[in-house]
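On the provided structure of chain A, position chain B as indicated by the hints.
So the chains spell out like this:
Number of protein chains: 2
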Amino acid sequence: MTSPSHSQFWRFDNRPEANINDSTFSLQQRELPPLEEGQLLVKNLILSMDATNRLWLGEREELYMEPISLGDSMRGFGLCQIVKSNSRLYQEGQLVSSLTEWAEYSILDANAVQAFVAPKDMPLDLAFGVMSIAGPTAYHGLLNIAHPRPGETVVVTAASGAVGCLAGQIAKLSRCHVVGTAGSDAKCRYLVEELGFDAAINYRDANIEDALRQACPNGIDIQFENVGGSILDSCLKLMNNNGRVVICGLISMYNSAQNVPGPYMFHNSIMKRLKIEGFVILDHAAEFPAMQRYLAQWIQDGSIKFKLHSHQGIEHASTALQSLYTGENNGKVLVKL
Amino acid sequence: MTSPSHSQFWRFDNRPEANINDSTFSLQQRELPPLEEGQLLVKNLILSMDATNRLWLGEREELYMEPISLGDSMRGFGLCQIVKSNSRLYQEGQLVSSLTEWAEYSILDANAVQAFVAPKDMPLDLAFGVMSIAGPTAYHGLLNIAHPRPGETVVVTAASGAVGCLAGQIAKLSRCHVVGTAGSDAKCRYLVEELGFDAAINYRDANIEDALRQACPNGIDIQFENVGGSILDSCLKLMNNNGRVVICGLISMYNSAQNVPGPYMFHNSIMKRLKIEGFVILDHAAEFPAMQRYLAQWIQDGSIKFKLHSHQGIEHASTALQSLYTGENNGKVLVKL
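Quick note, the sequences are listed as chains A and B, same order. All letters in the first sequence, in the order written, are residues 1 to 337 by UniProt numbering. All letters in the second sequence, in the order written, are residues 1 to 337 by UniProt numbering.
With the rest of the complex left out, here is chain A (with noise of 0.2 Å):
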């Protein structure tokens, strides 16, 4: 391959009060610097467009990683083809998984990236769609932090995004009762008829404490949050003694300036005897080959299905992304470019 001077990539201009919009990043060029001792140029393929991005444009001191300088390029997941390597771990050609840029091109530390292999007859979106970060999320919150048992009953929010279906479809393999929450009907109609989930809510015209209450008749052992403010405080009401919530993310949260209250059912941490967690998946990196093997088994034999919503060229990256806050995605968001 040769070496490119210059490449695209998405300048942070303005950090969003609240929704990111069209003026929070714009579309630029810049040179390329000498690769130095240690790095790789990459060239990247697929970036994946995540809830947490948002998180990383903000301000908030507790952030659980470097918040993105303003006149910094925008940072993401995403697959990446070395153009040049100036390391021995790796050579040219291979791909990498990477916190990488919203870029044609990136220098990266050949440190932290990881070699990333499509399991055979997988196509590479795909394989990378589950694998680089949903699946790890989803295996990881569930089977690692809320240990699902058989006949328990598992409620996930934000059901139809990239890790909440995951995060279902890996309860029903554990033979749990599983319900979903979702922001239409057509999706709801999915995660039932599709992905296997036993009940599925449309939390923008159901009374969501009432609907829970009906597709959980049992309680709810687990929650495996996504989302964050009265879906949770709804799903608290219902947990059973020694239920465990997974906190995966607070979509609801992320938007807002200001802090929010916590849930008002807090107090049922004693009551139920509950297990809250949050996670950062990016820690539990050293442990994803482990949890890699079983999600290609699971697409392979059919027992998990997975749906990409791509978007082709980097021009597209902010609608995206933003995209995931209306709810107008259906499935995991890439941008191929």
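Misleading hints may appear alongside valid ones.
[Claimed, not checked] Some but not every residue of chain A turned toward chain B, in silico, with C-beta under 8 Å:
| id | residue |
| --- | --- |
| 1 | ARG30 |
| 2 | VAL192 |
| 3 | PRO263 |
| 4 | TYR264 |
| 5 | ASN268 |
| 6 | MET271 |
| 7 | ARG273 |
| 8 | LYS275 |
| 9 | PHE279 |
| 10 | VAL280 |
[Said to hold, decoys possible] Label pairs and their computed distance ranges (CB to CB):
| id | chain 1 | residue 1 | chain 2 | residue 2 | range |
| --- | --- | --- | --- | --- | --- |
| 11 | B | GLY151 | A | GLN91 | 42 to 52 Å |
| 12 | A | SER230 | B | ARG189 | 40 to 50 Å |
| 13 | A | ALA286 | B | GLN214 | 31 to 41 Å |
| 14 | B | GLU59 | A | LEU282 | 16 to 26 Å |
[Unchecked claim] Some chain A residues judged to face chain B by a derived CB distance under 10 Å, without partners named:
| id | residue |
| --- | --- |
| 15 | LEU55 |
| 16 | GLU59 |
| 17 | SER230 |
| 18 | ILE270 |
| 19 | GLU277 |
| 20 | TRP298 |
| 21 | SER310 |
| 22 | ILE314 |
To be clear, the hints were calculated from the coordinates, so they are not data collected in a lab. Predicted model only: the values in this text are computed from it and were never measured. Glycine residues also receive a C-beta, built at the ideal position from the N, C-alpha and C atoms.
The following block gives chain B in isolation, referenced to the frame of chain A:
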């Protein structure tokens, strides 16, 4: 012992809207029913006053056990001596600890009580005060849930209370840096000078967040929470990654008629990868003997100090319980009959 025919008891008359007051209970006389098979007639020797008692007077549907019905006797943990036994499990004269009543005499189910043997040379009131509820609560919450490691920082709220002072001292035994919060300078001095806490903060006149920041230069690894509300929020701000928050009590919320918001820093469950876990010590009664062996040893070898605040006479039970919420007590509040 001669078998009594009547007994004084505290009748639950009015559900308090906020604080317990003098019209909540009244001291009454009642006839004792005949003893059925499997029952014990006991004389209540010492009653334990616990913050959780307040919860039993409410109507929260999500209470961790049955609330007390109006007109019934007030319930409490107690040290009891068997006056008459209709069970093969226990005999007359034996001491048992149990959930019992605020009454001179009570009839208990033999399956619901536990034999109580004070450690050698330990006064009965001290043994009961440490080992019946407060000690197992502190032990289980700190050691079994939070798993302290040497060098970690532990914050205990309501640290001069019965559970708090034990949790803090067990954390010191675990070689942690221990900071307590309490409601007076005298209590704070007691924590540091007598009990060996590394620092103590008077929450009534300190900026709690600044004071915690100063007292916890390495952040907080374990939060042993007895209070809730704004103190909990300040602690959540300062938690280190992978911190553990043990929800032992939320006393600041128990007197409020309505649900109050949960912690504003709830999103730190993700940002700091926190494990937040509530518990009810009565669930773990089978493990009490194992914990009590350690507690007895620590009291006897002087590693742990414990103060009793005893009221003499059943007629003082109501004021004794109220003292828990005004912060007038110092140490474990008991009522000796």
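We went through each hint and held it up to the structure:
Below 8 Å, beta-carbon pairs count as interface contacts, and A/ARG30 has none with chain B, the closest being about 31 Å; its hint is therefore violated. The interface hint given for A/VAL192 is violated, since its Cβ lies 29 Å from the closest Cβ of chain B, which is over the 8 Å cut-off. The criterion of a C-beta within 8 Å of any C-beta in chain B is met by A/PRO263, whose closest approach is roughly 4 Å, and the hint holds. Contact between A/TYR264 and chain B, as hinted, is supported at the beta carbon level, the nearest pair being about 5 Å apart and thus within 8 Å.
Of the supplied interface hints, the one on A/ASN268 holds, with its beta-carbon coming within about 6 Å of a beta-carbon of chain B, less than 8 Å. Hint status for A/MET271 relative to chain B: holds, with the closest Cβ pair at about 5 Å, below 8 Å. A cut of 8 Å between beta carbons decides the hint on A/ARG273: the least distance to chain B is about 6 Å, and the hint holds. Hint status for A/LYS275 relative to chain B: holds, with the closest Cβ pair at about 5 Å, below 8 Å.
Hint on A/PHE279 holds. Least Cβ distance to chain B is approximately 5 Å, under the 8 Å limit. Look at A/VAL280: its Cβ gets to within about 6 Å of chain B, closer than 8 Å, so that hint holds up. Checked against the hint of 42 to 52 Å, the C-beta distance between B/GLY151 and A/GLN91 comes to roughly 43 Å, which is consistent with it. One distance hint, 40 to 50 Å for the beta-carbon pair A/SER230 and B/ARG189, holds here, with the actual separation near 45 Å.
The hinted window of 31 to 41 Å between A/ALA286 and B/GLN214 holds, with their beta carbons roughly 36 Å apart. For the pair B/GLU59 and A/LEU282, the supplied restraint of 16 to 26 Å is violated, since their beta-carbon distance comes to about 45 Å. Residue-level restraint check for A/LEU55 holds (minimum Cβ-Cβ distance to chain B is 8 Å; threshold 10 Å). At about 13 Å, the closest approach between the beta carbon of A/GLU59 and any beta carbon in chain B exceeds 10 Å, and the interface hint on this residue is violated.
About 12 Å separates the beta-carbon of A/SER230 from the nearest beta-carbon of chain B, more than 10 Å, and the hint is not met. For A/ILE270, the interface hint holds, the least distance from its beta-carbon to any beta-carbon of chain B being 4 Å, beneath 10 Å. With 10 Å as the threshold, the beta carbon of A/GLU277 comes within range of chain B, its nearest partner Cβ sitting at about 5 Å, so the hint holds. At its closest, the beta carbon of A/TRP298 sits 26 Å from a beta carbon of chain B; the interface hint therefore is violated under the 10 Å criterion.
Nearest Cβ of chain B to the Cβ of A/SER310: about 28 Å, over the 10 Å cut. The hint is violated. With a least beta-carbon distance of about 29 Å to chain B, the hint placing A/ILE314 at the interface is violated under the 10 Å criterion.
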